[in-house]
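Trainee: When you get a sec, could you build the whole thing from the sequences and use the hints?
Residue numbers (my numbering), protein chains in the order written: chain U, 72 to 550; chain B, 72 to 550; chain C, 72 to 550; chain S, 72 to 550.
In case anyone wonders, no lab produced these hints; they're calculated from the structure. Heads up, a few of these hints could be off.
Repeated chains share a single entry, so a pair holds when one copy, or any two copies, can fit it.
EDC-like, lysine to aspartate or glutamate: derived pairs with alpha carbons at most 20 Å apart [stated by the list, open to error]:
1) K397 <-> D99
2) K204 <-> D415
3) K538 <-> E282
4) K419 <-> D87
5) K92 <-> E201
Protein chains: 4
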Amino acid sequence: MILMISYREPLLGKTDEMILKYISSIKDDTAIVHEVLEVLMAHVQHLMHKNIIPQNIGKKITEILLELYKDPSPLFSMSVEDVHEAIELYIERKIGKDAGWLAIAKSRNDHVVAALRLKVKRLLVKLIDELLKFRALLLQKANQHLETLMPAFTHLQPAQVSTYAHYLTYVEEILATYTKLLLFITKEVIDKSPLGASAATTTTVPIDRYELAYETGFKDLVVNSIVATGSRDFLAIASAISTCLAVFISRIAEDMIIFSTPQFNYLNPDSRHLATSSVMPHKKNLVTMEIARAWGGEAIGHLTALLSILKALPSGYNLDLQEATKHCIRVLQETINTLTIVKDFIEKLEPNTQSMKRDVELYPITSTELIETISLRLCKPYREVHRKLALVIRSSKSFKDALDKVFSELGVYFLELKPPIEPKNSIYAKNHPGSPHPLSVKNYITKAEKRIRDEYIELDVMKKNSKNPILCQKNESVI
Amino acid sequence: MILMISYREPLLGKTDEMILKYISSIKDDTAIVHEVLEVLMAHVQHLMHKNIIPQNIGKKITEILLELYKDPSPLFSMSVEDVHEAIELYIERKIGKDAGWLAIAKSRNDHVVAALRLKVKRLLVKLIDELLKFRALLLQKANQHLETLMPAFTHLQPAQVSTYAHYLTYVEEILATYTKLLLFITKEVIDKSPLGASAATTTTVPIDRYELAYETGFKDLVVNSIVATGSRDFLAIASAISTCLAVFISRIAEDMIIFSTPQFNYLNPDSRHLATSSVMPHKKNLVTMEIARAWGGEAIGHLTALLSILKALPSGYNLDLQEATKHCIRVLQETINTLTIVKDFIEKLEPNTQSMKRDVELYPITSTELIETISLRLCKPYREVHRKLALVIRSSKSFKDALDKVFSELGVYFLELKPPIEPKNSIYAKNHPGSPHPLSVKNYITKAEKRIRDEYIELDVMKKNSKNPILCQKNESVI
Amino acid sequence: MILMISYREPLLGKTDEMILKYISSIKDDTAIVHEVLEVLMAHVQHLMHKNIIPQNIGKKITEILLELYKDPSPLFSMSVEDVHEAIELYIERKIGKDAGWLAIAKSRNDHVVAALRLKVKRLLVKLIDELLKFRALLLQKANQHLETLMPAFTHLQPAQVSTYAHYLTYVEEILATYTKLLLFITKEVIDKSPLGASAATTTTVPIDRYELAYETGFKDLVVNSIVATGSRDFLAIASAISTCLAVFISRIAEDMIIFSTPQFNYLNPDSRHLATSSVMPHKKNLVTMEIARAWGGEAIGHLTALLSILKALPSGYNLDLQEATKHCIRVLQETINTLTIVKDFIEKLEPNTQSMKRDVELYPITSTELIETISLRLCKPYREVHRKLALVIRSSKSFKDALDKVFSELGVYFLELKPPIEPKNSIYAKNHPGSPHPLSVKNYITKAEKRIRDEYIELDVMKKNSKNPILCQKNESVI
Amino acid sequence: MILMISYREPLLGKTDEMILKYISSIKDDTAIVHEVLEVLMAHVQHLMHKNIIPQNIGKKITEILLELYKDPSPLFSMSVEDVHEAIELYIERKIGKDAGWLAIAKSRNDHVVAALRLKVKRLLVKLIDELLKFRALLLQKANQHLETLMPAFTHLQPAQVSTYAHYLTYVEEILATYTKLLLFITKEVIDKSPLGASAATTTTVPIDRYELAYETGFKDLVVNSIVATGSRDFLAIASAISTCLAVFISRIAEDMIIFSTPQFNYLNPDSRHLATSSVMPHKKNLVTMEIARAWGGEAIGHLTALLSILKALPSGYNLDLQEATKHCIRVLQETINTLTIVKDFIEKLEPNTQSMKRDVELYPITSTELIETISLRLCKPYREVHRKLALVIRSSKSFKDALDKVFSELGVYFLELKPPIEPKNSIYAKNHPGSPHPLSVKNYITKAEKRIRDEYIELDVMKKNSKNPILCQKNESVI
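Mentor: Next up, the structure:
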């Protein structure tokens, strides 16, 4: 029985441990071992179905692949280039040279990328799932705070009157864009089989690439075999959009951190999300939000790593591509984790409505409403009134003082004009889609809930499709 | 007549030149001035239509905006924060304080982003147009080289037999993915109006945000007013995907550079794409491809800049966002330029078929075909044959020599097995979708041409929609 | 007279305008044209001095170079690859084919990089100069605020009692590290002449590379001619450190923005640094600090661009290197601008001492001091006291309340222990180097002022050395 | 005995596992656990020495710290925020609440960064060590190949005649710059103690920060306590320069890959550095160089991550800083690994001198030498001769043919001029420092060897200093 002969040995001789350690991906392969095994099972089934390999050998190999699927740990104590070599050697150790049938009509180049596409598809499905849950929560919370006044900020200075519901639906609308885009990418970019491309130019063996694709759980085919094996554009695209999402989440984390300073005091975060100091017992630090904020920066770094690896790389498979994988998986996995955490943070959070209200009342943030009213009622150009008010504010001690001056100067009375300068009036005076007006927000929520329901249906189809047919037969759950 | 009073002056007093220079975006605003003016025209029309501003004033303002549209140069000699302030002051200089009506029911926050969305839409339309043209060219060239043999490379080493047509359709298939994705993004992410969001929370003025959107040339609305003014996720998304595309193009540029070394000598580039040395008159340098390769790296940098600006930025408009704009516009514009150049390079290029053929014959790159044949015909596991051949190659002087040894060891004759080890036979023996088999490639080309035709139709609709309705009325072409 | 024959024409024929526009660096060359001319003057002088070119021709060429030095504008209306070609053609237009002597014993490869090294050296000298001025200002301001109490923050939560002087010297100490490092890099990495390396392997012409280096204003030589022409590590290093500095400055800008919110209200920024809204006349936005904050992100992007261009680039000059230049120059120039602005911001700033004091008194930020006192006086392990106090704070309404409970539980009296829990006492109880204790800070200031004086002397030597000897002879100022 | 009470529990109550997993650094802390323990030992010794804690307790704690130093594994099975909490709880489990003395006069904020500075110092020492060894090897190899002709490339096209020694010393000279810079950074930026800064403002406990620094193995002090705890500029600086180095190495890896294509065939890499295909037994792939090339891109990504985390982070410690650590350690560790591999690659490499020679003879790469000779001997401007030769080359079939035409046109004979156009003559005709002339290279090698010896001495001092004094006493080796 020929055992433990590495791919390299017959042609190139003994392996050097230092070098193997440098080039081996075995440590990173733990993340995709299940997908690698599923792809191999589909491959073997297809070869049996097409009578390319002996049925009894195909069965034996499949059994071992299933065993490894349940417990892949034996693979990770071997000195090998990657999990593909480990699996082949493991099977050979069990059944001898019949294991060598596994290698026909495939290469690592197409199998690596098939497993990777399956893995990325599943991570995207999870990410989309988290997005949908988070959005549903945001809408539900918004519903409870339609009239909870809060300043809208520009330049981190109180700008206008808004509501907590308006803030929450702001977050939801952006997440909705990412959901839609990620659904599209999953379907149109990721969910394609590279199998049968073999090393670079397909194979002389009479397989059927489309059948093999469907049997592995893919919806479509990467056609050209150089694309199939040598392109990682799908990885770049999935990582790029997830990174944009992570960067957006970092902005929300920053909001949470600033709003939770004692100076702002807008939020009462759940104590589970806080940590304290090892020496200062009064400290309540928003550590989860800090990690979520940092993750925005880290995601940028992983995307940069992935793109810089690809930049100017000669076409076709190069081992550089192996190093790209981990950056994409990390971006997806950690963005999922971060969404889960931020969702939990907001779910458990109680806004401190008194402090928010204090600030909408304290600062002159309804000046625009005042100018609009004067401009329209007295038919004076907006800019003219704006300049006058600016000058008056400059020389006044308070907004109240400024108001008095403006009205007296204009010769009109506040009661005549009824400008919506009380915070609550201000939001009710803006009856536009997308405004903080409670009915506008309510209306938005209704439509958004409908969208989420539709997207859940779409996602469920995807989830079903991404199950491995062979494992399903055998009643194994995959995701 | 009140003239040249900056936004800041009434409240904050005189402007400091050093500081104005540091914060002003006026230099970068040249790129979007036409879009800014179009948005303002639509705004004024809407205000007139809704009887919010006096008709005669609206007309006067519109006339001046049209003048500036034809020649915006007067705006760029003014000391201002940005083009918005410049336009307002310019109009005021012309018609006095009636110009102040322009400022109602808007703010820079929503108008900046509206112009930016229009600009990005148009750049994406151009980018997609270039992609479609490039893809059509690649297919046409591929059609001429279905049987032009060429090695497929992995690890920059000759791997298997392929054709120039196979290489060209590899490029096309990846560009097709980017086309589809960019069409989706243009429609679903970019083409939405933020107008009416005003500073942060919409306005008390009775405009109609949907009507205004359509009149400005947008298909849909960014609903939430904080999203509309404070999010640049659309910029990040457009830049991210375009950067992935630029990185892919850098790989093709690298191929061209390596294939054009005298050692490879696969290509005869058109001399327009070459430059020589200022001192070495024998040098023929592939300078356009070097710039295209470098651009891949630069695009990564601009994307990183944009994302790092956004990272952890508090929600709502901050002036940081102003600095993000230029990076997106640069990514889109220069990726368009690079596509045009690389398309021209490949269009004018003559492959040196003799050198390509030399290499498919020189190296033992049909060993996989040999192993597949032996394995299937003699019913021996692939790996077993693979190892044997590897050992034989290791101890042989040439592939010919190795073949002799293998056949004699197996006790079979070459003529019996007829393995497809002649390069031409090799490609004909791989009758799979995506293989270099001339019929497979031909078949792909037919389908791909159909896709391009469909996408041209889709793009034409987009082009029509992105024209500004007011300018169309006035018979001005926009794009 | 042979006129306007480009480098490419004799070998490669006519120029294509689209392609020339794509590859030409002429627009970016405005930034280094003076350095290019200086290098050429030194080159010509050296050739004359070594009797390699005729004296009268050398003189004529030098005169034209000096003319161009005074007004380089004619160079930028020419259709050329770069400023080097423009200069040569310009001189040829003036004096005919004698201009062709300029080209001997040089190439663009060594002259491009020589000009670039001069430019980078000068930008670094300016950057160091700004750092020294900023540091001097910080120390002077700190001296005025040795006892101005202010919270030290961790996790953006008030952590312990500090002073405004302590904050200012924090900034100074970090800037001191960058100063020292940049001085070293300027001297040991940048200030080396690549001249004489010519295209890649020096020249057969009997020049003296060391003499030429000194005559051009360099202190030392890049020895190996491939390093001299094909390496941009010096650009990467200068950009990398300047980017780290820009990122640090972005943290200070963020502090300024947060401290200037009305909720914190720690700072009264000079109104020159504020802008207002075009529609909300109450807004006072910290726009300079926002641009400074954004610059941190942009610098990361430019560094990434530069490094990604270099990544995996084959050795020797490639045109990719041309594209790297602009990113380094932008990083240096804009970091200088940003330092100037932030320095001005802090110089004109008045801290709002009342708000700072309010916060050190409002929050229980001397709990560590209390635990330390109890632990040492009662000889109880720190952690035990820490836990007890944490539990007590958890169940107390105020720090005062917690104090009462702790003392009563421990059976000791406040007066006995005299823990330094009054904010002012707290800082006086920490008599360590680097603490906010006024004497510690004062002591630091004295030493730091001495360092600045020493570094000014070092910088002055550098400034003198970076003047071009020829221009000095001719009484032209260079920097 | 109070056991396993986390820092958070007394103030904030129970820990949530999901959240702990999200914020905990315990997995990454394996990389710095020894440094953390050393810092704690020095801390305890200092407290004993200053009679701040009871001697017997100090001794007991030190014993346990030493145990953990030998086997830290028990720390990594605990559910904790980080290794600091794990150590404290571990000691408490062993000796009860006396363990609580460990916590006095310190915080995690200063101890985290002290361990990190020690770790970074040691990694830099290793990196410098590798650089010195690599440089010594390059010089030694160069010595053997002073006359091994090889083309120098620009634009990846053969440009001029060079030697393998010239190429090797090119690599050495750049590595020498990095060595010098990293030595400076290690001494002047990294090797400073933050200890005693405690949480943010030092402590009321009477320690001596300078003594403590020396006892921990630091050469100097980070003075300001906010710098000490809240700055990661030292991490950014060390990572930035190491990334520039990694990017340079990626260029050398790219050279190796291109030079090892069969088309170039310049190199015979040692088979240990090759891998083959799992299906194509003829493939010899340069996998180590591909990983080294990819690492250049990955390093850019890790640097970007680190800098983006820091960008706009409020001053003082934030948990974001915890996430920065891993990126720096990864950059340093993997750059060390990559240097080791590339050094081994070049050490075991045999250049294929025949192929290199073939190429210097095949292409007209001595045209510059020809022009220089004609220009000087016939006193004709360089450009004039250059243009003539370019035109002639354009219309000639070979360089030989071009030469004949040029000489006949000029009316001179080759034998009269003796231009150094034989490759070997070409290098001997360039007697400048930094040229490929064997004596120039030899001369460089002598000086460079001297520099390496001096730097080894400097490094040895550093190595000695970075040993932990306490462990030295106890005869434990640290590095």
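Trainee: Give the relationship of K92 and E201 under a CA distance limit of 20 Å: within one copy only, between copies only, both, or neither.
Mentor: between (36 Å within a copy, 18 Å between copies)
Trainee: Tell me, please, which holds for K204 and D415 at an alpha-carbon limit of 20 Å: within, between, both or neither?
Mentor: within (11 Å within a copy, 48 Å between copies)
Trainee: Could you figure out if K538 and E282 sit no more than 20 Å apart (CA to CA) within one copy, between two copies, both or neither?
Mentor: within (16 Å within a copy, 46 Å between copies)
Trainee: With identical chains, the pair K419 and D87 could be close in the same copy or across copies; at 20 Å between alpha carbons, which is it: within, between, both, or neither?
Mentor: between (54 Å within a copy, 13 Å between copies)
Trainee: For K397 and D99, with the copy left unspecified, which applies at a CA distance of at most 20 Å: within, between, both, or neither?
Mentor: Cα proximity of K397 and D99: in one copy and across copies (7 Å, 17 Å).
Checked against the numbered hints above, the structure violates none of them.
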